[in-house]
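Using the sequences plus the hints, can you model the full thing?
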Amino acid sequence: MIDSILLVDDEDLFHLVFEDSCSLLDITLSLQSLTSSDEADKLFKKWFQEGPVEEKPDCVFVDLNIIGSSFDGIELIRKINFEYGNGVVIGIISSSDDKQEIEKAKSVGAQFWIIKSDEIEPRLEAFRKDYDVYKNKTAAFKVYK
Amino acid sequence: MISFGKDIESDLIALYKSKKIGLEGNLLKVIKTTNKEFQQYLEEAKTKDQETRRKRLEVTKQVQSQNKDLIEGQAEKEKLMLELKEALAESEKLREVAVDDLETLQKKTQFELIGLIVKVALGAVSAICILTTILYLYVLSKGLDSKIIESTWSNMFGIILTNCFSIIGTIMGVKHITDSKESKESKK
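Protein sequence lines, in the order shown, are assigned to chains A and B.
Numbering-wise (my numbering), the first sequence opens with residue 1 and increments by one.
Numbering-wise (my numbering), the second sequence opens with residue 1 and increments by one.
Keep in mind that the hints were calculated from the coordinates and are not lab data.
There may be inaccurate statements among the hints.
Partial list, computed: chain B residues near chain A (C-beta under 8 Å) [what the hints assert, rightly or not]: (1) K29; (2) I31; (3) K32; (4) R53; (5) R54; (6) L57; (7) Q64; (8) S65; (9) N67.
Below, simulated SDA-like cross-link-like pairs (lysine to any residue); rule was C-alpha separation at most 25 Å, straight line [as the list claims (entries may be wrong)]: (10) B/K29 to A/L29; (11) A/K135 to B/N26; (12) B/K55 to A/L16; (13) B/K29 to A/D26; (14) B/K55 to B/T34; (15) B/K29 to A/R128; (16) B/K55 to A/K135; (17) A/K56 to A/Q100; (18) B/K48 to A/S30; (19) A/K137 to A/Y84; (20) B/K107 to B/V174; (21) B/K55 to A/Y84; (22) B/K68 to A/L29; (23) B/K79 to B/L94; (24) B/K68 to A/L13.
Chain B is faced by these chain A residues, among others (derived, beta-carbon under 7 Å) [to be verified]: (25) D3; (26) D20; (27) S23; (28) L24; (29) L25; (30) L29; (31) I114.
All figures in this text were calculated on a predicted structure; none of them were measured in a lab.
Even glycine gets a Cβ: it sits at the ideal position worked out from N, Cα and C.
And the structure:
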């Protein structure tokens, strides 16, 4: 089980879907959901400045296009990985499967790409199984279709 | 993991039995107990919580799907509206062209009619002039009484000259008004 997860997605309904799916699949006990990349950026900046903190999540799921934010999910991953220290398992969760965007995400250090759809549970289940290798940073980038 | 005292466990079980109020959510996954009755309580509460979540997940997915359809429908509607506006603008342009063509055709017909009237009138005037002149010349050559024909001939030329200038003036005036109208319309 993953200790804590942070979801950054502008769609409130998806927060509910994600929360219920994680609970039913026993993926995590602690889930925090944010609707903008700016909020996430502020939090990571704070955690980076304050040093190791318990609040910091173990795993971050970021949407690709976050409406109402100053920058998209790929830029957020770049900031988290290159500006605020790379201490989390991080990847994209999006309905897009654009190859160029996937390559961009890979280049900024995303570890996975989960494609959102009506049946998200099997993908989350598969991700849960692979989580340990992501945590050890030994897994190659993977797209969950 | 956390554990409750026996009193709390009993109170929670009693509350569940009497009011059907139980613990919910991820809290259930971190409670540890050796009390078999409370273990059963936790299992029941977990099952109930999972059922509730499953239902909510289903409903949320339905709403999400409906929202997606609505957004797609809205986008389709906007696209159709745009196409409709473009078609309307195109038909408006075609209508204007057709109206212009009709006006041109009407003007052409009018000009043709005026031309015909002018030709007939000129023919009649010329014929009378020639006839009167021939008659006048004949009277002069024969030495007949030319008083009446002389005055008729000079009056007729006077009237014809006056009318010619009047006609020229009218035609110039009409042409000027037509040109002004056309330039105003093209400016619009």
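Has the given pair, B/K29 with A/L29, been kept, meaning a C-alpha gap of at most 25 Å? Roughly 8 Å separates the two Cα atoms, so the pair holds.
Interface hint outcome for B/Q64 [beta carbon to chain A under 8 Å]: 5 Å, holds
Would you mind confirming whether the straight-line C-alpha gap from A/K137 to A/Y84 stays at or under 25 Å? Between A/K137 and A/Y84 the Cα gap is close to 17 Å, so the pair holds against 25 Å.
Please check whether B/N67 passes as an interface residue: C-beta within 8 Å of a C-beta belonging to chain A. 7 Å, holds
With a cut-off of 25 Å on the C-alpha distance, tell me whether B/K29 and A/R128 pass. At roughly 17 Å apart (the allowed maximum being 25 Å), A/R128 and B/K29 satisfy the hint.
When you check the alpha-carbon spacing of B/K29 and A/D26, does it fall within 25 Å? 9 Å, holds
Tell me if the straight-line CA distance from B/K55 to A/L16 falls inside 25 Å. 12 Å, holds
Proposed proximity, B/N26 with A/K135 (alpha carbon, max 25 Å): 23 Å, holds
Against chain B, with CB atoms and a cut of 7 Å, does the hint on A/D3 hold up? With a minimum Cβ separation of about 12 Å from chain B (threshold 7 Å), the hint on A/D3 is violated.
Closest C-beta approach of A/L25 to chain B relative to 7 Å, hint status: Since the shortest Cβ distance to chain B is 10 Å, the answer is violated.
Would the pair A/K56 and A/Q100 pass a check requiring their Cα atoms to be no farther apart than 25 Å? 30 Å, violated
Hint consistency between B/K107 and B/V174 [alpha-carbon to alpha-carbon, up to 25 Å]: Answer holds: B/K107 to B/V174 is near 12 Å, not above 25 Å.
In this structure, the hints that do not hold are numbers 2, 3, 14, 16, 17, 21, 22, 25, 29 and 31, in rising order.
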